[in-house]
Amino acid sequence: MIRFENVTKIYPPNAPALKEIDINISQGEFVFIVGQSGAGKTTLAKMLTAEERPTKGRIIIGDWDITKIHRRDIPLLRRQIGVIFQDFKLLPKKTVFENVAFALEVCGAPMSRIKTVVPQVLKIVGLEEKNHRYPRQLSGGEQQRVAIARALVHRPKILIADEPTGDLDAITAKSIVDLLTKINEFGTTLLFVTHNRDIVNMLKKRVITVEGGAIVADKEGGKYIL
Amino acid sequence: MFVNIIRVIKFAFQNFWRNFWLSIVTISIITLSFLSVNFFIFTNALVDTAMHAIEQRVNITVNFKTSAPEPSILALRDVVAKSEYVDNVEYISKQSAFERFRAKKEKEGNVIITESLDQFEENPLFASLLIKAKDIHYYPAITQLLNQSQYENIIEKTNLNDKSIVISKLNTLKERVKQVGLVINLFFGAIAVLIVYNTIRITIYTRKDEIGIMKLVGGSNWYIRAPLVLESVIYSFVAIVLTIVIIYPLLGVLQPYTSNYFDGQAFDILAYFSNNFFTIFGYQLLASVVLNMASSALAIGRYLKV
Chain A
17 MIRFENVTKI YPPNAPALKE IDINISQGEF VFIVGQSGAG KTTLAKMLTA
67 EERPTKGRII IGDWDITKIH RRDIPLLRRQ IGVIFQDFKL LPKKTVFENV
117 AFALEVCGAP MSRIKTVVPQ VLKIVGLEEK NHRYPRQLSG GEQQRVAIAR
167 ALVHRPKILI ADEPTGDLDA ITAKSIVDLL TKINEFGTTL LFVTHNRDIV
217 NMLKKRVITV EGGAIVADKE GGKYIL
Chain B
413 MFVNIIRVIK FAFQNFWRNF WLSIVTISII TLSFLSVNFF IFTNALVDTA
463 MHAIEQRVNI TVNFKTSAPE PSILALRDVV AKSEYVDNVE YISKQSAFER
513 FRAKKEKEGN VIITESLDQF EENPLFASLL IKAKDIHYYP AITQLLNQSQ
563 YENIIEKTNL NDKSIVISKL NTLKERVKQV GLVINLFFGA IAVLIVYNTI
613 RITIYTRKDE IGIMKLVGGS NWYIRAPLVL ESVIYSFVAI VLTIVIIYPL
663 LGVLQPYTSN YFDGQAFDIL AYFSNNFFTI FGYQLLASVV LNMASSALAI
713 GRYLKV
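Those protein sequence lines, which keep their order, are chains A and B.
Using our numbering, the letters of the first sequence map in sequence onto residues 17 to 242.
Using our numbering, the letters of the second sequence map in sequence onto residues 413 to 718.
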């Protein structure tokens, strides 16, 4: 599903962020990418959405080599990969429904599709009753659920969660992890970038540990070892 | 496709309203540019009218000897009238000249002259031809025709009422107006382009979160860029409407002055702008739209990494 082949990323003038990374992730897998701040895990995630390009090596998603993806094809790639962040990245002047619908609007989806899909994904994340509220009227966990709903509207095959529980308390974080696990069980490949030891140790999934831009451990049913 | 266009228009108007004061400043500068262009058009039209009025006053007066028989004069009139250079030719007989002169002096209340005229036993005035050329440049050719030897015995004097110096001065003035107008227009045009560039840059900055999300969820480049370009087009449209709203009352104020601009050559500035409405304002709008689109495209290229 996702293949990193000998990927190196060096930021100019000479700051290596990733060093000869080799990763294979199968379809439907749940993978933690862990490491301390500055280890290179976010760079790894950004390469999947073509926000960053490798200096060396190849990245393949399905049959698509995205290493030298053309600029006009980037939106097509991003519609197949959902992304959520620690800071949610919601638009404060839009309601829950509008925030989620926005992702479809900007891709040119017809109104009929928006009216069908948005309530469906809001139901999945448990916010169908709060679709008229604004982000400021929601708790942190609920805001992250909106972000997840938005990431799901394109029915992506891959979901990247970049520190999705970083700003949440333990109980809320657990509910978000449960939701992401549920989404993964429906067949979506999940890349969970985190340095939350408890969550990693609790789920006992595959854990890729990054340190100083290199993979130091890649273990099925692994633990947070740093 | 239709729904996409509607959304792009919606986003463009959202940008316009969200940065309301910035939009107002941008529109004001573009309006100033339009006003400067229209002032230039106004001045140019005025100078053109002046030149036309003076050209109308240029003519050739041919005075005939008192001994010249009327049939010969009329024969010459017919020859002149048939010339391709001549617009019209008027024959003023000795008697007619006398009556006109007397009427003029009576109107002026010049009793001494009118009484003196009565003292003449014979009409002292010449019969004459008043010739108007189709174009000011044709007068030398007409003069050449009149200077032929066969007319020497009937023509007393040929007088070209020449206004070439005034016309030449007006031509110079027109050129100056053009040069100064061009510099002023370029100046305001450049400022407008810079302001639009800066406005789009600020719009990109103020909407960076929204644009970031658009990119994140796979919004097409067209969808992200088009509202910004359209926003710059909206500025042009609003500015041209504002210019029209400002300029027509101004023209109304100036109208009485321009209508008496030259005797016999009334210049209706309001009618001039109204008759050429689509040419004048259409081209200005077109030029502004092209410049603004180029300017916003530059800003997008530089500050919006899609």
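A portion of the hints provided could be inaccurate.
To be verified - Taking lysine-lysine and the DSSO-like style, the derived pairs with C-alpha atoms no more than 27 angstroms apart in a straight line are:
1. Lys109/A with Lys620/B
2. Lys105/A with Lys131/A
3. Lys506/B with Lys131/A
4. Lys62/A with Lys422/B
5. Lys544/B with Lys110/A
6. Lys422/B with Lys109/A
7. Lys105/A with Lys544/B
8. Lys506/B with Lys544/B
Keep in mind the hints are simulated off the structure, nothing from the lab.
Hints, verified against the model:
For the hint linking Lys109/A to Lys620/B, the alpha-carbon distance of about 14 angstroms falls within 27 angstroms, and the restraint holds. Pair hint Lys105/A plus Lys131/A holds up; C-alpha atoms about 22 angstroms apart against a cutoff of 27 angstroms. Our distance criterion of 27 angstroms between C-alpha atoms is broken by Lys506/B and Lys131/A, whose separation comes to about 96 angstroms. Proposed proximity of Lys62/A and Lys422/B is contradicted: the alpha carbons are some 31 angstroms apart, above 27 angstroms.
At most 27 angstroms may separate the alpha-carbon atoms for a hinted pair to count; Lys544/B and Lys110/A exceed this at roughly 76 angstroms. Taking the CA atoms of Lys422/B and Lys109/A, the gap is near 15 angstroms; set against the 27 angstroms cutoff, the hint holds. For a cut-off of 27 angstroms, the pair hint linking Lys105/A to Lys544/B is broken: about 80 angstroms separates their Cα positions. Pair hint Lys506/B plus Lys544/B holds up; C-alpha atoms about 20 angstroms apart against a cutoff of 27 angstroms.
In the structure shown, a violation is registered for the earlier hints numbered 3, 4, 5, 7, in ascending order.
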